[in-house]
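Peer 1: Line by line, the protein sequences are chains C and V.
Just so we're on the same page, the numbering used here is the position in the first sequence counted from 1, plus 74.
Just so we're on the same page, the numbering used here is the position in the second sequence counted from 1, plus 268.
If you are wondering where the hints come from, they were derived from the structure by calculation, not from laboratory data.
Note that the Cβ used here is the ideal one computed from N, Cα and C, for glycine as well.
A few of these clues could be false.
[Stated by the list, open to error] If you want the ones that stay clear, here's a sample from chain V, every Cβ over 10 Å from chain C, calculated: (1) Lys-398; (2) Gly-482; (3) Ser-663; (4) Asn-721.
[To be verified] Below, a list of computed lysine to aspartate or glutamate pairs in the EDC-like style, where the Cα atoms sit at most 20 Å apart: (5) Lys-631/V / Asp-227/C; (6) Lys-508/V / Asp-573/V; (7) Lys-501/V / Glu-571/V; (8) Lys-501/V / Glu-468/V; (9) Lys-183/C / Glu-96/C; (10) Lys-684/V / Asp-376/C; (11) Lys-501/V / Asp-617/V; (12) Lys-410/C / Glu-642/V; (13) Lys-389/V / Glu-329/V; (14) Lys-344/V / Glu-332/V; (15) Lys-508/V / Glu-532/V; (16) Lys-508/V / Glu-463/V; (17) Lys-501/V / Glu-463/V; (18) Lys-508/V / Glu-537/V; (19) Lys-627/V / Glu-96/C; (20) Lys-684/V / Glu-734/V; (21) Lys-157/C / Asp-227/C; (22) Lys-389/V / Glu-348/V; (23) Lys-410/C / Glu-638/V; (24) Lys-627/V / Asp-273/C; (25) Lys-631/V / Asp-376/C.
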Amino acid sequence: MFQSLSQTDIVSLNDHVERFSEGAIAPKFSQPETLISSDNIEQLINSAFEQGLISAECSEGMGLWVTTEDPLQIQFSCQALRKIASINPGIAYQFHQLALSFYLLRELKKTGAMDIVLGGEEQPAVSLQGHFGLARYSLARFLKGATNSEDYDLLSDYFGHGASQQSTLFAHRSWTHLLTPVVVGDHSSDATIQFEWLDRANLIHCTEGHGHGLNELGHYLWHRPSNQTSSNSEAMQCSTLSPAQSRSLYSRALQIQWMGLSNIALGTLEHAYTLANDYSALRVQGGCTINQHAAVRNLLMDAKSAYSTTHSLIELACQFPINESSLADISNIRMKAHPMICQGANQALQVFGGMGYMQDAGLEKVVRDCTQLRLMNGTPMELSLFISELEQCR
Amino acid sequence: MNAQTKIFERLANDKPLFASHQSVQKPLDGYVSTSSLYSTRRAFEQISSLSKPIIQYNPMEVWEQDTRRLPRQLAKYRREVRDFSVQHLQPFAQEIDLAEHLPVGLSHPGIDKLLKLAAKKGFFSDMLPKPLGSVPLLRYRYPLAWQQAIKVEELARSCGGLMLLLSAHNLGIAPLLMSGDLGAARRFLLPALKENNSGEPHLFAYGITEPAAGSDVEEGHGASLYKPGTVAKRVSGGWKITGRKCFISGGDIAKSMTIFAALEGEGIESWTCFLVRKNMPGFSVVRNELKMGMRASSAAELEFDHVFVPDSHVIGGLRNGWAINRSILNLSRLPVAAMAVGFAQGATDAAMDFVCRYKLGGKGLIHYQETQLELAQMVADTSAIRSLVWQSSQSWVSTQGKSALNKFYCTDLAVKVCERAMDMMSNHGGLHCNSAEKAFRDARLTQIFEGTNQINRLALIEDIQEQLMSKMS
Ligand SMILES: Cc1cc2nc3c(=O)[nH]c(=O)nc-3n(C[C@H](O)[C@H](O)[C@H](O)COP(=O)(O)OP(=O)(O)OC[C@H]3O[C@@H](n4cnc5c(N)ncnc54)[C@H](O)[C@@H]3O)c2cc1C
């Protein structure tokens, strides 16, 4: 059982994350233009396990996303991700994904899979999103228990993962298994989203490509082999959730994902703002340091206010457990926050002038990473459709 | 019959591009088929022949429609550049963008090949009419800015880096043209153009930016307060230049450079333009920057360690450098706006291809209204900035205000279009193979160089300063 945290616990846990981030993570990312090696990432993942930051057990309050019921633990997960992302968003995303995988494995009671993972033989990855966007209105209707037969068709396609429905995945290259949703049921019954545990070697066709951001991770387009469906595979282990359980679990997983993405982007922006602010106090143009020009102040304020506004929204969301009632609020935060964050990151780059365009200044990576995070698991436009449908189903 | 009516008539007689598809394909969701009586296509067929010259349905691609509205010489040029761009830039764009960052002195073999081709094609001599340059006399009836806008847009649409690789040279030779120094043009420009026309690239680079002065060399107030970092000292028979220039596009591959330096002991008011050759002792390329985008083009840091430059290499006379620089910025900011149009168009085209090809729930994404709304916005934004650039470049005279407003307005909007393209592709928008993310990275530079967009906004105000002052008195 998870033991509730106190404010004092949170302070000491944050200290711990701070020390881990500055001591173990930061030295590996001192040059933004140089990609960290795969081995180094693996070392960091192992350290995160040793430190308890990624935890299979939910009793350890230190782990990211060990529970969605305790607001203080949620707050801790958000702060920890922001801190790590302020050093490197790619590694923060990897930790977040591993923590989300464990959350799901725990909820699905897949102890066998978890033991193998903990034994070091397998590395999980999670692909929560279907092949494109947020399935328009259908996913929202599913989560509200209000699907019709059209939704069933659309969701089957969305989570179909056939050759023409390739899904995107960001994960450290060492992943061996993929946890991913699939729609089960038919037009007449209540559809459910079950989770599958897919073996990368046997079941998945994957191509690794080059992506816009989070370049320390592999970017994959994956789909099932053409002869493989969820029902004919022995190697796949599918969960057996009831419709209500399936809605509840997918909803929580999606919200964890959105909270993760928003916090990682926010930590990244915080870093950009600090860099831009410091630079503007040093760089002289127009006869004075550039922070004395209104033009530069405007840029800095765009970054700062994007940070503060999003931060306040997230803090507010952290007052409550993550469950089906928080779905609209958390999706709203992500929809509103992300364009602001990207704009703020772009303005921070602009403070650097030409230097901002160079990889060694680190700002262009911030912009790319924030943009990449905006595109994952629902863009603002898709979130807008999604939220509007939640409203309609009220 | 006026010219416009003639054009409309010509359009009406043209075979529709998509005719064969129309009859078999189902319409997009939410629309009637183009064969329906409710469609504009059918409705406009039925309107009175008196109205037909001014109201028409045109099934032709927008690009084609725009091209046909250009004067004949420019339309021909637009087609030529598009062909070149599609044939030589497009297939190479993705590869060169991902290619390894090479140390100074090495270049990708594909780049060398492209430079040769472009030289032969006349791209490095297209600031001047034949026989000096490569521009057919008839095309020279139209402003250079318009010609360059057309060219740069088409190249940028395929690849920002390759576009800049082929375009920065024109900035490098601009001082030779703008200084009015015919002697210098004869000594330096004509031989280089000759080499270029023979297919042996002789590229120029333009150097004003210094490590301690970017915006300060783009605007007068900052310049008046700046203590120059690149200085020319008088020696017998010439000048010795010492200092550094940074972020110089094509600075590593240029054989010649137009470099601005202050005279020893004086401020930027003494700026003088010097023609520096790559092989002059004391000159070196210190580094090539690793950039966010535009990766096929280099941004080099150049070092001048007592580089001796003979008197004959002074361009436009001593202490005329600042005036030359300001006039060049007036000319070069419009092409930057045109680059932005190219990026916006490239991103729009990529998004259009994607949403027509990609299916969700068994239907092409283009069937969904939210996709249609986004696409419409992108087409409109791109078309609006193109109209602004074309309209502004139809005059031989370029004012600072006009150039600056084109530059910041078009580049800001183009970056938004690229972001929208990525968003339309959703979780696939960040994939390199879908092109929109590259267009975004390339377009992002246009908000920074040739003066940041903040400096360009201030440049617009500077240009209307007298007007503003008069309202205060
Ligand atoms: C890829 C690339 C290619 C380039 N190619 C060339 C080239 O070929 N030749 C060449 O000479 N240069 C070139 N440049 C330089 C380019 O023109 C400058 O980078 C640009 O003018 C901005 O200067 P900066 O980088 O020094 O920024 P800074 O001037 O340091 O600006 C930093 C920030 O301060 C703001 N700021 C500065 N001064 C003021 C002020 N007075 N009022 C209000 N705000 C102010 C700016 O808007 C910006 O936000 C290139 C740059 C890049 C990135």
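Peer 1: Okay, which hints does this one fail, numbers in order?
Peer 2: 2, 4, 8, 9, 11, 13, 16, 17, 19, 20, 21, 24, 25
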